[in-house]
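We have chain A; now place chain B onto it with these hints.
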Amino acid sequence: MSLKSRLLSMPGIWLQRHAQVALSSLGRLVGNRLSSLMTCAVIGIALALPVGLHVMLSNLNTISGGWESGASISLFLDQSISSEKARSLAETLRQHTRIETVELINRQTALEEFQRLSGYADALQALDSNPLPNLLVIQPKAEYTTAETAEQLAQELRLLPEADIVQLDLQWVRRLQAITVIAQRAVVVLAALLSMAVLLIVGNTIRLEIQNRRTEIEITKLIGATNAFIRRPFLYTGFWYGLFGGMIAWFLVALSLILLSGPIAKLAQLYQSSFDLSSLDPITVLVLLSGSALLGLTGSWLAVGRHLSAIEPS
Amino acid sequence: MIHFDNVSKRYPGGHTGLSNINLRIDAEEMVFLTGHSGAGKSTLLKLIGLLERSSGGQVHVNGRNLTRLKNRQIPYHRREVGMIFQDHRLLHDRTVFDNVALPLVVSGLGHKEIGRRVRAALDKVGLLHKEKSAPVTLSGGEQQRVGIARAVVSKPPLVLADEPTGNLDPELSKEIMELFTQFNKVGVTLLIATHDLALVSSMNQRILTLANGALSHDSKTEYRDVT
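Line by line, the protein sequences give chains A and B.
For the first sequence, my numbering puts the final residue at 314, and the numbers step up evenly by one.
For the second sequence, my numbering puts the final residue at 1227, and the numbers step up evenly by one.
Isolated chain A (complex conformation) (with noise of 0.2 Å):
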């Protein structure tokens, strides 16, 4: 072979021996297939736990958003307010910028309807005036129905003459919202520490592998192996265990969310919502897949480059 052509063919060569020691060490895995899918599976449980509950989570937070958006503003008038007057002033909310529509409950109806619903209407024919108010129910515009937002709205209200009371319900999913953000944060702290558990399987697993394979190392370095060379089909050990873990994490949860979407499909029934629970997205899928890999790699170059120099042929 000329020089010339030999240095052409040598990214082809370089691919040819990676090709081929990632499928040797996925051949020597699979040889070994019990104890291979024994490491896979710890390393899949560990990480379906925080990825589980970043799905979990992620559902909620869509709850919620949905809650959030679909706040009304209730405007209770004074008592001292006639139905007329009431009238009037829905009619002049109606045509500010920010409020998309008006509903008024009047008093009367109100009272009816609470008799009819509540049951204490006997108790109700005792009081001898109405003890509501009338009400307002205002939506606002699909702009304008952020927290904040809404929030402003109320605080311009409440400035009306006419204004008793004005309720912005959006407190307990505010507070909803704090739980979650706080459970992400756990969620976080939770994967970072089970990512520290999956280094060290794979460093464990890699160590015994190392020794295992002691007398295979001395007699490729005395026939001239580089480091680079032995290190090798051990990382790319580490890059399988990591890969097929992040396969197991993600069956575990599809799984899991599987066996759960019933009985959520059943109580989002009793709540009149038509809640879908959704599954893993395609992005975490990826970052899962791409993380666990990369953890493997990571857990055997620490395993790789503290056990390996120790040995040397003699």
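These are calculated hints, taken from the structure and not from any lab test.
Just so you know, these numbers come straight off a predicted model, no measurement behind them.
A couple of the hints might just be wrong.
[As the list claims (entries may be wrong)] What the simulated footprint calls covered on chain B by chain A, stretch by stretch (three residues with Cβ under 8 Å from a Cβ of chain A suffice, anywhere in the stretch; the number is not a length):
1) 1029-1041
2) 1068-1078
3) 1083-1092
4) 1096-1106
In this text, a Cβ means the ideal position worked out from N, Cα and C, and glycines have one as well.
Here is chain B on its own, set in the frame of chain A:
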């Protein structure tokens, strides 16, 4: 090819492996290294293959100063030195072909080239028909021939052998020596450590004798002294 300049090797604990060795082996020589067990034969070979480093003096091999060679350059040096061991040091989970191919795989040769060269080397040692066998199914003499094929497959200019016939009967030993002679004829420098004096004397080649870590006898200089 090999040049030792006042080389010594001391082990931690005070044991002396070699002391003040001065030696010169030219290219295309075939040299036997003899001496009692513990005389330093293996140590001398290890210094050439850089399995160990000298504690004093200079070792030059193939124009390279090994004393100054950095650790990460050792693999490239070893590719130019074929090594043969008494215990063969074969990989038992791979076929004969894969064992012999290892030095070529390590140096990153292409697939076709490897197949061609491995078969040529196996043919030379008469084991072409065993390329798919596992080493354990071969006899001791055959395993040693696989080791030899592996040592010469990358065509190194220098081959070292440490007791290559240690476990073989005289007839098989003779065969192995004939193989070495053939390699020597095509220009390979050989340094063979053995304590089999009968075999060595029948070969009619240069003989170095080590005793207690020192070079006690060199048949080449003796020959010169006589003339």
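Against the structure shown, which of the earlier numbered hints fail to hold, in ascending order?
1
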